[in-house]
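Enquirer: These are the residues of each chain, in order.
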Amino acid sequence: MKVGVVRFPGSCDELDALGAASLVGEAVVLWHAEPDLRGVDVVVIPGGFSYGDYLRAGAIARFAPVMGPVARFARDGGPVLGICNGFQVLCEASLLPGALLANRHLRFRCRQVACLVDGPYTPFTRACARGQPLSMPIKHTTGRYHAPAPVLDEIEARGQVVLRYAPGANPNGSVRDIAGVCNADRNVFGLMPHPEHAVDALTGSSDGLCIFESLRQHVDGALAVA
Amino acid sequence: MAARHRDLGLTDAEYELICDRLGRQPNRVELAMFSLLWSEHCAYKHSRKLLGRLPTDGPGVVMGPGENAGAVDAGPGVVAAFKVESHNHPSAVEPFQGAATGVGGILRDVFAVGARPVAVLDSLRFGEPGASGRSRYLLDRAVAGIGHYGNSIGVPTVGGEVYFETPYEQSCLVNAMCLGLAPAGRLVRSAATGPGNAVVLMGASTGRDGIGGASVLASAELDEGDEAKRPSVQIGDPFEEKKLMECCLQLLEDGALIALQDLGAAGLTSSSAEMASKGGVGVDIDVARVPLREPGMEPFEVMISESQERMLAVVEPSRLERLVDVCATWEVGVAVVGEVTRTGRLRVLSSSEVVADVPVATLVDECPLYDLDPRPPPAPLYPPPAQTLEEDDPGAILLGLLSSPNLASRRPVFEQFDCLVQSRTVRRPAQADAAVLRLPDGGALAVSIDGNGRRVACDPHAGTMEAVFEAAANLACVGAEPLGLTNCLNFGNPEKPHIAWQLERSVAGLADACRTLGVPVVGGNVSLYNEGPDGPVYPTPVVGLVGRLPDAERAGRLGFAREGDAIAVAGRSSVPDLAGSELSKLRGEPLATRLARWDEDQVAGAIAAVREAVRAGALSSAHDIAEGGLATAVAECCLAGALGARIEAPPSQDPERNLFGEAPGRFVLSGPRATLEALRERLDVEVCGQVGGDRLTITMAPARIDLPLDSLREAHESGLSPLFR
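Going down the list, the sequences are from chains A and B.
Using my numbering, read the first sequence as starting at 36 and increasing by one per residue.
Using my numbering, read the second sequence as starting at 1324 and increasing by one per residue.
Check before you lean on any hint, since a few could be wrong.
According to the in silico footprint, chain B covers these stretches of chain A (three or more CB under 8 Å from chain B) [as the list claims (entries may be wrong)]:
1. 86-98
2. 107-119
3. 232-241
In case anyone wonders, no lab produced these hints; they're calculated from the structure.
This structure is a prediction, so every number in the text was calculated from the model and none was measured.
The C-beta atom is built at its ideal place from N, Cα and C for all residues, glycine as well.
Could you put the whole structure together from the sequences, leaning on the hints where they help?
Expert: So, in structure tokens, the structure goes:
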């Protein structure tokens, strides 16, 4: 498996994502200004403050030269994982439903949170069980998931809510405790918690590994079939 | 013209000396440049003589004081560069930008020497939050500013401290420390060399922000009308700095730069003059080539602007093309603004016109240094703190201490900072007494920042020694041995004899403590004139200590970890005392004029023994007994581990002193009973309790504390959280 991690000016967690992905496969950097995915099997849009988060978090990054090929890759069924700022970018690019708003308390918050896997039937969570608890950190100011009620009902009905904050652990006021959603085709997944910061018990938790392990199984399985 | 130098903060004698050295009167540009470089902030004219007393040598020192940051050997093939710096005066005027640019400045200092910033810590002081809306505002905005910059640039804020005392009401303190890592041999110095080489300005364009910050803000007391000084506060843009940092680190990796220097106080003037001075060369700067934010800027404005996110580099002409390419990749502005010369003079040109021409040595090295006139104050300098605690029952005292602003949980502050980006953070805030960052070789660095202004106010020499020993104790609790120290001396007006006395005694204490512990001082910063209409701040030396532990997996924790573990109190040779303690503060008692004496060598021995015990990996937890004494420390261990404890101490003639008194070199340890008892060979250890249950019970006849953990937690969490609603 070859994972490409996009690097925008202002990305902060790209090397962490690169390190996490390299635990399960090969990982390379995709430079924002080059419209070339270098033949990767998975694209990761990492956390940080792409282009300084000016205008609105993720609003400028969606126009980066690399994002055209990313959108085509996603339309063709390629797995795209957006973490934190990456989630915001994917919502801005309309590759995911909904939007991320300012945290209810309006402050940046960094803490370890308990999450529950709600949708195990995706390329990102196939190594997880439904209801499996995952301890991962969040760190953001703009992480309150929002969508109109009919959209929420629809994505819930379709099983697009992949990850929720555990009861009482919602750190930002996200509607229905939603921490991560996928698109209708289940090949684009965005989440506010940081799985790449939960791949080693020494630095807090290794629960996020299952997301990278799921991607490996998905890609290797597809290759085996092909 | 005659009075103009006074408006800029130069004395008549200093002005005459400048005229004498130049052989003429300085013109307007030159006068502006001298006023900044001869300010306290840049020239250390009241402190330089004292700082010579600090020990700066050691086998591990790679770069000592005088460079943008100090550096020490941190393990195989790795050096750690670090420095702490103040941004007090700007933060008192505009706390968000003041604190944000304080972080930005210290980050630049670290990547200027070629190290990648891997951690930020901060040390903050404000007035009493309960009594003062101004203090709540400063706290709220300064914390937001630190987070804004550090979070956005992808450097974790891994630790820090914040204390609240009335003397900081007008003059808050905002000190930021940065730690960086570099491959051994990669560090770069700031000396300009090679006449004919290009002087290149990288980063943001230059505007009118921060004109005269160093002289206007940092070198005079604050008073009424400070609102009018807001234009002197710089505005930070962490996105610009993020790009600049990545760009500079790549250029250094490519070996494209001969020298690098950040633009901080006094902007282009100080950076170019200091680079020329260190290299023994001259520099020509053409202000017409400096990219400007707005038209019509005067040459002196260009030379002293403190616009943020700019770096000055010396580059061989043959490398310019590569430099421009890398800057283009990172979308970083770049302009060749001058040239290294053989003249030994700093010449400022505006196209072809020479607008300033001064000897570098005069500008940088010939500012008169002043002797202090230290005199101990005949009467207390500070009024007693306001009384906020009346209880006598030990349980009620403990709850009062835990909920007091100085001891309450720091969670509402540190949760506003990203503490884990870059994937090195092994111990996050409140998990251990020091932050722990893993290294590629399996070892780890530990960092702590400490200072206690009230205790230094009681006794400047002993209080400063305590700060150093406290930092070393914090490192010991995670298993780390100190490698080097950086410090920031925050004091009032040194021209006043009593402040001079505080400063002189404090520096002596810092030197003595560093010698006893064998720790070199590799850099630091001095912030004077921290005074408002109500008087000076508490004398506040802040020390940042960096150490190494061999095995990251064995980094210590402060919280009790296992039901049934035994609890020991170590270091009983230090006798705790209520003089200068948090309890005496809450009771509104006048400041003590003397702190309890303690034996430096014994405390150093206790610290070493605890370090060894943690490294051996047999302890479940280690926590140093600091503010609030034994009872507070045990309660903190319970809260951090979510486990109760039962302590049976021997009867005491004075339980209040033994429960809440303070002294250096004492620890709460937990682990298997046999392990703790085996420590007796090296350490004065008393096994006196057991971990377990959901209550904290301390018996010290006739006193007894018996409280549910929930009550302790509620008290601890309630102290600061209402301030951030």
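Enquirer: Now look at each hint and say whether the structure bears it out.
Expert: Hint-by-hint comparison with the structure:
no. : hint    : in the structure
1   : 86-98   : holds (count 4)
2   : 107-119 : violated (count 0)
3   : 232-241 : holds (count 5)
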